[in-house]
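K.L.:
In case you want the letters, here they are:
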Amino acid sequence: MIRDERIPSDELRRIDEEIRSNWHTGEAVDFEEAIEYHESLPDHKRFADVLESADKPLLQPRAGVPRLDDQIELLRYLHEEGQADLLPTTIDSYTRDNEYEKAQQGLDKARETGDDTLNGFPAVNHGVDGCRKLIDAVDAPIEVRHGTPDARLLAAITFAGGFQSFEGGPISYNIPYTKRHGLEETIEKWQFVDRLAGAYTERGVRINREPFGPLTGTLVPPSIAIAVMLVEGKLAATQGVRSITLGYGQVGNVVQDVAALHALKKLGNEYLPDEVVVTTVFHEWMGGFPPDEARANGVISFGGMTAAIAKPDKVITKSPQEFQGVPTMEANSAGLRTTRQVIDMAIEQKIDIDGIEEEQDLIERETRCLMDTIFEHGDGDVVQGTLKAFDSGALDVPFAPSDSAKGAVLPARDDDGRVRIFEWADLEMDDDIKEIHKARLSQRADTEGREQSFRMVADDVDAISDGKLIGRPQGDVKL
Amino acid sequence: MIRDERIPSDELRRIDEEIRSNWHTGEAVDFEEAIEYHESLPDHKRFADVLESADKPLLQPRAGVPRLDDQIELLRYLHEEGQADLLPTTIDSYTRDNEYEKAQQGLDKARETGDDTLNGFPAVNHGVDGCRKLIDAVDAPIEVRHGTPDARLLAAITFAGGFQSFEGGPISYNIPYTKRHGLEETIEKWQFVDRLAGAYTERGVRINREPFGPLTGTLVPPSIAIAVMLVEGKLAATQGVRSITLGYGQVGNVVQDVAALHALKKLGNEYLPDEVVVTTVFHEWMGGFPPDEARANGVISFGGMTAAIAKPDKVITKSPQEFQGVPTMEANSAGLRTTRQVIDMAIEQKIDIDGIEEEQDLIERETRCLMDTIFEHGDGDVVQGTLKAFDSGALDVPFAPSDSAKGAVLPARDDDGRVRIFEWADLEMDDDIKEIHKARLSQRADTEGREQSFRMVADDVDAISDGKLIGRPQGDVKL
Amino acid sequence: MVFLMVLHTMSQTVVLGVIGSDAHVVGITILEQAFSAAGFDVVNLGVQTSQQEFAEAAVDHDADAVLVSSLYGHAEQDCQGFHQVLEAAGVDAVTYIGGNLAVGQDDFEQTRKTFRELGFDRVFDSETDSEEAIEALRQDLQITPTESERATISS
Amino acid sequence: MVFLMVLHTMSQTVVLGVIGSDAHVVGITILEQAFSAAGFDVVNLGVQTSQQEFAEAAVDHDADAVLVSSLYGHAEQDCQGFHQVLEAAGVDAVTYIGGNLAVGQDDFEQTRKTFRELGFDRVFDSETDSEEAIEALRQDLQITPTESERATISS
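If you read the sequences in order, they're chains A, Y, U and S.
Going by UniProt numbering, the first sequence opens with residue 1, and the numbers climb by one from there.
Going by UniProt numbering, the second sequence opens with residue 1, and the numbers climb by one from there.
Going by UniProt numbering, the third sequence opens with residue 1, and the numbers climb by one from there.
Going by UniProt numbering, the fourth sequence opens with residue 1, and the numbers climb by one from there.
Source of the hints: derived by calculation from the structure; they are not laboratory data.
Note that beta-carbon positions come from the ideal geometry of N, C-alpha and C, so glycine has one too.
Among the hints, erroneous ones may be present.
[Unchecked claim] Here are the simulated DSSO-like cross-link-like pairs (lysine-lysine), alpha carbons at most 30 Å apart as the crow flies:
#1 Lys179/Y with Lys350/A
#2 Lys266/A with Lys350/Y
#3 Lys311/A with Lys311/Y
#4 Lys350/Y with Lys350/A
#5 Lys45/Y with Lys350/A
#6 Lys56/Y with Lys350/A
[Claimed, not checked] To be clear about the criterion: a stretch of chain S counts as covered by chain Y if any three or more of its residues have a C-beta under 8 Å from a C-beta of chain Y, and this derived list gives those stretches:
#7 63 to 69
#8 91 to 102
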């Protein structure tokens, strides 16, 4: 039975050899040589150190293209023109599905024709040397961002390739991304990823790990997101990870977002072992964007304003072309600079908004209910508790495509635009907290002169792309 | 000796006839017929009613081109694509200097060649009929925006032409715009403009008047701007104006901007007669913009955020092309939509920031000091008081090009980014208030490890276009 | 009247799902809620549902309608042969499809034609409100006339 | 040292102004403060100053330097014949001009050449710091060497 226990060294070696035989580039991985390579990197490319020592929020975009030279050019542009502090390398979909052969065909085609049929950088196919060429060519720390349920080979190659930060986790890269991968399966696979990061960490190369906070990106109640972050943080810490960046996706209500980021940091430090350095990352709005760059810039700036007040360690920026999919590098860079301008104008101002402590207190209480039920479900073991709590629905994520979560809980905004829970389903929560949510949603229903119903949920999902925060009945909409 | 007294009817008629003879289009003005025209306009084109009955901030851009058909097309675009609630017609520079012959040459050239050599709409040359064609063709209220020291003929023609709102005032369209027009001269001329607006008002056609709040647009301390607004509001009220929109230009510190807008509304209602309906307008940042549309969008959004919290009755928007001068209509419309998105996302949220009441109290106390000195200088007469207070320097505007103001007072930002007064010169102010400013600036000097000096002023003037709020010493600047 | 409508629709079963490799779950979740609230029995197969899974669920639940959602732009290839699979399994149900059905949705009428030819009874774009789909299904299943229909008849 | 510099520059008078119809006052206000702080006697003529007003003020105050600012893009036409006017009035002063001197400032070297030919001793773009102008004027008026110059000499 899988439990929250550190993978023994011999088991680590066994799995490592096994997964490296899955694709020919796995052969080139040599742990000792990789440690030497990491030690040769200058201070300003050490991801964990740069992130943890920053005195204001660092900005990072999303970006990945198939060919190495294009990826170098893209990242240099985002660093120089977009003034990104931290850089990403987003991995293609085939690699996420462990389809390295298909990724190779896409990469070959991209190299032959110049057409980018892959939607990201196939790091496994580029291999250790390809990754190092990227690390060497770009003058800032780079993180691997993907969405891969089984990221073991990707981790082995990119860690050896010089990347020092790796996004994802067994819940956050399962529940929102895929239907059929079992949670037990992804936990087991991510234990290896974390254990490998821990092995580097033991040798002084601190690999930063970043659970994916936004989850399904759609009106996720803060406490659910935070509980998942705490679980993934704990699992990583068990395997020896010592630099963990917990994530949170903007819901669009300033008070709730600031409160959630404060709660995330506080609970992260409380629930994770003392030897872990906990940082936080704020994702600009991950839901639907307005089909209009001007309005999208407003959404992006709203995220920047929230970041200036909450002061997370890192901000993942969006571009004004979010609506249409992958942005041009110019638009990606514009999103960075718009965010930067707002943060730099606001961050020196003392902006203390009333009600943040109260909202933070509510979020913390909710999160503790969820953490308590996880521990109870597992008789103290987080892995078993997570599996059983998702199974019973005591832990749930709204709009989850995965069969591993019930996806029965439904959120809706209250009259102030804060995300509350409309349908609890089997989510474990104290009754007095449920009453608070109910009262807030009832207040909104009164304002709108309609019953609380799934219509609110549906209206809220589209609201920001339609130009509002709260999905009020259409009769009230003024243009 | 000019005093704050209503122009008698016969004098109004005499001046009206005189100024209408200054250019041939003046002949077409017929007051009675003009009243009938205004009465024929639908409710949604009545500027004062639309503005005063709005339940959230209305948005208005700046825009003016020489030819009538182009102006119609421009305003329709801003209304339909930009979703502007209120529209502007910005007047060209020749008209502002009463050079109607030169304006005519520019208009003729524009009509012949299609080149726009004029930088606005020459409403005097278009005459009453031309103005009405514009009013008829566009489906929203339109305001005349200009910068004219002697706007008497412009007012006579545009009021008869169906415009129901008129920007400017004797101080706000003198001090920041021109060097040599005496204040006494502009007060006299604006008394006529206000008296004419009052004559329409008496007949049920409420012409809205809007003193120009941003003044020199460069770090104007809120109390100075508000005092000028109160004086101009009072002068207009004396002449019979009953719909007055007091203005304020964003300084970029959220707490100070919200406090200033609250103080403006409160003091406006207190200092102006009860029969006047007082509304407020917030101008998005009027200082130097970043030479980068992405960063400019951040500045614009910051204004939208402030507006969502302060809830003024109207917002004058900027475009992302502000740096390069007159924007394309697409960019102008983009600035509107970015602002709209931010306001609509934020306005339903309860965002109460600590310290606003305290800052508002300080602004009110400062403004009362200035108003008291004006009344004292004039033995109770506002006109004489304003003239003498500007003359003695007891009332002053920083960076004023006009010989009518000393322009000796100098502002600088404090450590929180709020605009304080660094050099008081002869500005009248209670000593305890001066001590507060001094202490705040001293705190900044400590933070920066340098003396308080004009260097801070110079650094602050460029800060926002350089991407920051406060002009910190360059050694501290991180990119 | 409301009671009557619920009575009439009590036995009507709708099978919902997102076809192919598409993982967009929000729309289907809201559709599930809307059809349930309107009185239908809803079987939600969720995302990444194969043609075979649709057919099996329709047979198992004796579905009156099969509603297919697709938002990632590959609906046409995902639906090739879908109606043959349904027919082979003996499914006799109304079939609808909705979502972002083509990558460049410039001409929705062309898209509608394509999917009508594939065998779908109705085709909706991504802007369609769930109420509209419910209304259409009530008509197609000849459930008690709606208020608007009666208003038309009596006028 | 600071005291010494102030002594040396006490008697040096600078006339400042914005030429033509230009009403940009911020830059000239900051220049006034900077030159005053550096120990110069400053006569600030403000905005919208004519060539004749510059000449009269330079004569009245026996100016050592005349500093012209222009930010609205019409400097070249505003400065045509300026040095002839100064000469006719008997002004013998160092002349500087700075600001946005051409509408499209693509090639500042060309702009500099244009204004040097008009007679200005130095030409600055709008990015020039006031410190730089002060430093230049100290050199041109052979005021006590600055720290950086001495550092160069002694190194």
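K.L.:
Now look at each hint and say whether the structure bears it out.
P.N.:
Structure-based check of all given hints:
This hinted pair does not check out: Lys179/Y and Lys350/A have alpha carbons roughly 39 Å apart, beyond 30 Å. Restraint check for Lys266/A and Lys350/Y: the C-alpha separation of about 24 Å stays at or below 30 Å, so the hint holds. About 26 Å separates the Cα atoms of Lys311/A and Lys311/Y, which keeps this hinted pair within 30 Å; it holds. Of the pairs offered as hints, the one joining Lys350/Y and Lys350/A holds, with about 18 Å between alpha carbons and a cut-off of 30 Å not exceeded.
Between Lys45/Y and Lys350/A, the direct Cα distance comes to roughly 42 Å. Violation of the 30 Å bound is thereby established for this hinted pair. Distance check on the hinted pair: Lys56/Y and Lys350/A sit about 26 Å apart at the alpha-carbon level, within 30 Å; holds. Counting residues of the segment 63 to 69 of chain S whose C-beta lies closer than 8 Å to any C-beta of chain Y gives 0; at least three are required, and the coverage claim is violated. Interface restraint, the segment 91 to 102 of chain S with chain Y: violated (0 residues with C-beta to C-beta distance below 8 Å; minimum three).
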